[in-house]
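Engineer: Now for the letters of each chain:
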Amino acid sequence: MYKIVKKRVLNEAICLMDVEAKRCAAHCKPGQFVIVRTDEGAERIPLTICDYDAEKGIVTIVFQVVGAGTLRMFRMEEGEYLHDFTGPLGKPSELTDESTESLKSKKILFVAGGLGTAPVYPQVKYLHELGVDADVIVGAKTKDILIMEDEMKAVAGNLYITTDDGSYGRSGMVTKVISDLYDEGKKYDLCVAIGPMIMMKFVCKLTKELGLPTIVSMNPIMVDGTGMCGACRLIVGDEVKFACVDGPEFDGFLVDFDQAMKRQNLYKTEEGRKYLLEQEKETHHGGCGQCD
Amino acid sequence: MTTDVNTRVPVREQDAEVRAHNFEEVCYGYNEEEAVCESTRCLTCKNAQCVKGCPVAIDIPAFIEQVKNENFEEAYQIISRSSSLPAVCGRVCPQETQCEGKCIRGIKGDPVSIGKLERFVADWAREHGIRPEGPSGKNGKKVAVIGSGPAGLTCAGDLARLGYDVTIFEALHEPGGVLVYGIPEFRLPKEDVVLKEIDNVKGLGVKIETNVVIGKTVSIDELIDDEGFDAVFIGSGAGLPKFMNIPGEQAGGVFSANEYLTRSNLMKAFKEESDTPIYRGRKVAVVGGGNVAMDAARTALRLGAEVHIVYRRSEEELPARVEEVHHAKEEGIIFDLLTNPVEILADESGWVSGMKCIRMELGEPDASGRRRPVEIPGSEFTMEVDAVIMSLGTSPNPLISSTTEGLEVNKWKCIVADEENGATSKEGVYAGGDAVTGAATVILAMGAGKAAAKGIDEYLRAK
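Quick mapping for you: the protein sequence lines, in order, are chains A and B. Take numbering that gives the first Met the number 0: the final residue in the first sequence is number 291, and no numbers are missing along the way. Take numbering that gives the first Met the number 0: the final residue in the second sequence is number 462, and no numbers are missing along the way.
There's no promise every hint is true.
Stated by the list, open to error - Straight-line Cα separation of at most 16 Å, EDC-like style, residue types lysine to aspartate or glutamate; simulated pairs: (1) Lys261/A x Glu248/B; (2) Lys21/A x Glu226/B; (3) Lys21/A x Glu248/B; (4) Lys261/A x Asp346/B; (5) Lys240/A x Glu248/B; (6) Lys270/B x Glu190/B; (7) Lys261/A x Glu347/B; (8) Lys21/A x Asp225/B; (9) Lys21/A x Glu347/B; (10) Lys267/B x Asp255/A; (11) Lys240/A x Asp255/A.
As the list claims (entries may be wrong) - Part of the chain A face toward chain B, derived, beta carbon under 8 Å: (12) His26; (13) Lys28; (14) Arg36; (15) Ala41; (16) Tyr80; (17) Phe84; (18) Pro219; (19) Val222; (20) Thr225; (21) Met227; (22) Ile234; (23) Val235; (24) Arg262.
Since the hints were derived computationally from the structure, they do not count as laboratory data. All C-beta atoms in this analysis are idealised placements derived from N, C-alpha and C, irrespective of residue type, glycine included.
Pulled out of the complex, with its shape left as it was, chain B reads as follows (with noise of 0.2 Å):
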């Protein structure tokens, strides 16, 4: 084991070449000796700048602490107060700008890992049967809570700690969100991970009921007049899908990210005996960079195509996280950088046959900073390609907003709601996550999920 203070105690991995025909878990995280001698690198500092760096402000040094003494359970606990998805987050976290941005040992040599460390400690409390601490005692009031990805299931899992009755409604047949659905096997296991999670929120106290699309099943406001909730927290995320609409992109092979994940995460059209059917190309563009494209390149690089990301503008501007891009190049992907697609070519039959692209340059930096990529005149090309996957970025489905009195909303259909503490145009209503600041990351969600049930209690203490 290493012993040289400025460098992290490597993680174990999967093969490149063996994970790229299967789709068992990439990173195999550390073992308990590990763990402890990565621990040991945590200085334990009075003013940790890491928990600043969590959105759910975890008490990093006091569990990395209970890690040094091998008091894993104890570690547990302490993660457990702040986060109800830890196996997730140490799992799909971009640590390197959150808590392990912030770190002290950062400064001369490799931060401590954190994330892996909250990973391990998770894992071994599932492995144990350690489940979170309880509530001490019920208030009788009810909180609805739309959606159980990220968002909704932290702040149920705080309110159900507070002692609320909380229902949360999904509209799909499984609950999880993002972590069922969008991100795949190989990075954050369902089964093992993502359900056993959920389970320790339902261990809380929260009641989950599937199959109801709000809006459509029922109304918030009939949720709050005839069957007596006191409080709302809309969590529903941003899952409607953009499109290029460019000519052609009606085409057989032409997939949103979210229905070719869709398919392979949650309706499990991976394996052979899914009912649910998945295209598995011979070569297959996915147009996008940010974690989602590299998602889908990966999963359609596990089901036995040649990938290709194509992205407008150069390696350095990639939205993904530097780790995800590091994996799916070494899995083989291939990456086509400053290339845009302009059409997308069919046979006869109106399946995908080609992609037709331009050549990008950077040209002056815009608004918000980043260099904008120009076309280059007269450089188009034809990308030979089977199937074609658009990840471009999603945006909050209306569905909820339009259908509930007095509910603001801004030009991107995003739900207004105070930061500090979830609070919307409409009383009695909290919002967090997605559908508050359209797609961002798993534990900004979160955070906001926490914000909201603190605000949601202080709402329901003043009333």
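Same shape as in the complex, but just chain A (with noise of 0.2 Å):
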């Protein structure tokens, strides 16, 4: 079992909660994940490490209630315990195997889309560390839903926040911001870009023609996330990968989002059921059109 140390409503639908788990706080690297069970008989969920302390073993995450096991999650609070915390998982972002020096000579750019500034927040911090100040894109629904500004203005080296509708800072998509930023005379060596699979793939188209290579991070349904199952497959430049043990981190331009987005949407239905179901009971019986 393992204490929910620190919870922290971010908005009606997000929450970044402080778990102890003293072996994967030891070993987390930036780019990784772990996979939560709340209870008995719930859900196997994967999620992106947010943040680490080895010393006091604690292991930071960040979620969004999108079916009947986060809004399980959202309604812990501290002191109590998840029954399974299982990680951290995947392979560290490729960034963590360079020399200071050679990151040092480049210029780095993240764009995070939505949820996406969670696992983007520990490799800006981890360069940061190193010294390596990267310039960051956030971008965002609306305003509301911005989170972790603060924490991530503290360790990037420029900091662009969009909003679709405006809001709040920029406006418009992160594409958008890339494309004045680029206008504006920027230039990089590197983009990595994280968050809905729709924003990487647009993230992707542009950056191909900007000749600015591109590393992304993927989410796919994940059952047991240490590559027993094969749920998680993608296609990788021809070439067959499991997210959970060969990723989660790819080659943008050699991933293929549209089969990907295909395979995302396989459970949508089922599971967007049992979330109405459990959050409106028995009232949102009221004509959905989904159930019977």
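Fit chain to chain and form the complex, with the hints in mind.
Structural biologist: Have a look at this one:
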């Protein structure tokens, strides 16, 4: 059992938790993820690691309510225990293999969309601690769902915030900000984009035109997260890869996003139904069109 | 009750038409009267061949003698000295090629039902609260066991009985390995059989830490250098699924048997109240012919689908146990033999709509002695299916071998280990089961776990 030592509600659907997991905290590296199960009978949910403290044995996770499992987790309080917490899983970001010197010689741009801000944060923080200040673009639909602005500001070189509706920061999608930065004369050697698959797809389309190599972090459906089932398989450069062990980070120009998005939707309806049932109880049978 | 010594006492089973719609155990096993009656067929051979057929060398004539005398508790303790998982083995071992295959009664008639008797004794002990005898003392030495499947549980149980302080590290949230995620409820009940048997191993003093992925959460080198383990046993299995690499395999509705069975067995997706979803197809094709293929097919059937086994060789070559094939047929699984998929077809939304297959014929025997399947040109046809389960075998996960200094693997990524004592290329590190052999059987993994426990004991005594 893994104790929730701190809970911070970031907005109505996103929440941050510090979890006591000594073995995991001692081995975390930027780019990795964990699998969490709230209670007996619950689903295994993959979540990106947002921060970690090996000395205190704490791993910080951020999650958004998207189904029954994450809703139950959202309702858990400080002092309660998560039933299972496995990790760190996946390969660390390739940046962690590079020498400080090599990293310092590069101009790196991070592009975070929505909840993708959480996994971008430990990478930017890691670089900052080595004395490398990377630029960061954070995009959100509206101001209300923007997360971790202050934390990111503390570790980023330049931080550019944009909202789709222009309610805060710049206005428009993250791709517009990338184009604008290039128009303003900026140039980068590497881009790391993490967010919804559709965002990563369009970032890659643009960065390919700009000749800017781009790493993406994939978030397919997972079950075990240790390479034993292949639920998370993707096509990367004509090869089949398991995101949980070969990734989650891949060369964005090689990922077949259309295929990945189709697989992502497989359980949507069934999960959506369970979510509605749990949230609205019996009252959701008001002709949603999805239920019998 | 039967009196013909050449015929085994039949075992009661759930009716095929009923069981095709539930996940309850197919085989009911013997009751006391049936077990005693069957036990009298044993000739109590002095030089018992059956014992030689058992990979963990249970003293079979001795325990059957106790069943004859209706002394079931003593029968259980005799088995427990050799096996930590008798209720499991009595159910899932391929006895026909092991103990029962060597039974002298088998020459003229049916061999003694050793597996069913073992199962009866283990079930009786559980129902009467009898536990295996524990160690007489502790020797103060620590051993880490990686993986809580049949190999790890056996190795851990044997070492605990010898007085070692044993900790098992398991990557998933529940111990048991293939016993909990792979073999379905209707063959091996989880709550009543597997969990109780694991409790017995814990009762010997073995600690189990779940949610620890060796190579990620902690490495083997750290266990030895920082945590003071004197030896390590790797029983991490062969859990990496194979796919066919044919067009369309990424379509929605194509699953590895590991994914399908993990969802159903470990995550309990077959129960309505489970959070984890599983696809209940209308018409499902299971590609492959091994025991795992039978398990996946019979699971899909119970979830309401019409199920086809698609296998490229003929019935004679099916690698699954005869009993499993028989059960599958009784339940209404359709066998499409000498058939091989060449492409998976999907509809507009990306979901499986069909599978293009080609007919096969058997050619000349290959190096392994099996007749090689050859495609019949122009025989392609389309099967209409809405889900495909790939059951083509598994290989070891390279996670442990790639993160442990000096651990030798072969070209199939299997860990190289001595067959006699499980020793690997790294001092103090032993291995056994599917991690060494590639996908095999529960009882072979147990045999390897047992051999390694002996090897580790000899190594640590000499140290």
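Engineer: Against the earlier hints, flag every one the structure doesn't satisfy and list their numbers going up.
Structural biologist: 3, 9, 10, 13, 16, 18, 23
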